[in-house]
Amino acid sequence: MAELLRKPHVMHKARNELVEIIGTKQSVKESDVDRLPYLQAVVKETLRLHPAAPLLLPYKAQNEVEVCGFTIPKDSKVFVNGWAIGRDERYWEDPFSFLPERFLGSKLDFRGQDFEYIPFGAGRRICTGLPLAVRMVHLMLASLIHSFNWKLPIGTNPHDIDMTEQFGVTLKKAIPVHAIPVVEE
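Under our numbering, think of the first position of the sequence shown as 27, with each following residue one higher.
Mixed in with the good hints, there may be bad ones.
Unchecked claim - List of simulated lysine-lysine pairs, DSS-like, C-alpha gap at most 30 Å:
#1 K199 with K70
#2 K86 with K100
#3 K133 with K100
To be clear, the hints were calculated from the coordinates, so they are not data collected in a lab.
Modelling step: build the complete structure from the supplied sequences, incorporating the hints.
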């Protein structure tokens with residue numbers, strides 16, 4: 027929501043897609059998500075920039091191995107920095123900008139096959155909650171955007187939203203965003 031509030035044109039585009047596909051009289055259903063490519067792109071871009079778990083589960087090196095000129099000794103614990111991968115300019119054009127359009131028409135998926143995009147991890151240690159998370163995040167975001175227009179408190183400029191992150195086992199905004207839902211009559 028913070029990224030959408032910072033970029034009202036993206037919020038508008040996502041809301042327009044919802045109104046076009048679902049209308050204004052019905053609620054969003056899980057089965058609607060497949061027909062909402064822009065909403066899916068918004069979620070993918072959000073997970074690229076703000077993965078829930080920035081450092082993916084530790085892997086234990088089974089053997090001594092060399093990676094990019096570094097020797098990793100056998101039995102070392104290695105964390106994969108999903109946060110940094112999502113901002114790596116070798117893989118992403120303009121990596122620090124929120125641009126959902128980069129995922130429109132893209133085959134990149136978060137199911138662990140595309141290693142430049144692994145917000146849920148990959149391989150045997152991929153997040154077991156991925157199926158539930160994917161369904162719920164899309165449905166929740168779609169419902170929030172479809173049900174309300176959103177505005178910032180008076181005097182708040184979208185560009186002034188502090189996007190500083192608080193790192194831990196999970197990633198969250200250091201300063202919560204305040205948004206006001208507006209119901210149109």
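Now the hints, each set against the structure:
1. K199 with K70: holds (18 Å)
2. K86 with K100: Judged against 30 Å, a Cα distance of about 8 Å means the pair holds.
3. K133 with K100: Not OK: K133 and K100 at ~35 Å, beyond 30 Å, violated.
This entry does not satisfy hint 3, going by the numbered hints stated previously; all others are met.
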